[in-house]
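Peer 1: Sequence:
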Amino acid sequence: MTVETGPECTLVTITGGAGAGKTTIAAALSVALNAPVVYLDDYYLTDLEKAPTYHDENGVERVDVGDPRAIDWESATIAVSSAMAERSLVVVDGLFAASISLNLSASIQRLDVYIDLEDDLRLVRRIQSKVIDGDLPIEALLWNYVNLRRQAFIVHTLPWRDRSHIVLPGDAETSNNVATIVTTLGRRMDRLS
2 MTVETGPECT LVTITGGAGA GKTTIAAALS VALNAPVVYL DDYYLTDLEK
52 APTYHDENGV ERVDVGDPRA IDWESATIAV SSAMAERSLV VVDGLFAASI
102 SLNLSASIQR LDVYIDLEDD LRLVRRIQSK VIDGDLPIEA LLWNYVNLRR
152 QAFIVHTLPW RDRSHIVLPG DAETSNNVAT IVTTLGRRMD RLS
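Counting in the numbering used here, the sequence shown runs from 2 upward without gaps.
Some hints here could point you the wrong way.
[To be verified] Now the in silico label distances, taken between C-beta atoms and shown as ranges: (1) N35 with G60: 35 to 41 angstroms; (2) T175 with V132: 21 to 27 angstroms; (3) G60 with R151: 17 to 23 angstroms; (4) L159 with N35: 27 to 33 angstroms; (5) G60 with D134: 26 to 32 angstroms; (6) N59 with G135: 15 to 21 angstroms; (7) T185 with E87: 47 to 53 angstroms; (8) V168 with A33: 16 to 22 angstroms; (9) R70 with I139: 15 to 21 angstroms; (10) T54 with R151: 15 to 21 angstroms; (11) E9 with D121: 38 to 44 angstroms; (12) S83 with N148: 35 to 41 angstroms; (13) V61 with T185: 41 to 47 angstroms.
Just so you know, these hints were derived from the structure itself, not from any lab. Backbone N, C-alpha and C define an ideal beta-carbon position, used for all residues, glycine too.
Sequences are here, hints too, so could you generate the full structure?
Peer 2: Given below as structure tokens:
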């Protein structure tokens, strides 16, 4: 799929482990730059016949959201392409955001951002959001983390830390991380002009 865009367009991907702060940073960046965000969490396959699956601690088959093959990449790519056709800057947020593959024209710039946070802090944030603020039993979250998510992170997400243009600390102030992204975008644009 070739992406049709305006004269100049920038794609910013926000990648990192679950609980690193990606969505918070993507939302703040969206406000700061008046840019739409495509959340890859909205593009997980739900059909157990089409998605990679696992059996949970109770033997129930579930979609393995820690595997990038669980993303409906065609629909996600269409969403990103549509946003890029209307806006000069688009943000993509998700565990596998940097994996988005578009046939980018020369007028499209890309900035891959990795949000880095220690495993224990990411786990604490997951417990806060899914167990304390949500309704997921702690046993289910911990089983999932120990048996699936930890290894999936190492295999599918962590490698993007070394491949990204910038790596930001997930425990820094959101405003500082957004300022760093905005400054980096400005420098990249200056080099192109």
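Peer 1: Checking each numbered hint in turn, tell me which of them this model violates, lowest number first.
Peer 2: 1, 7, 9
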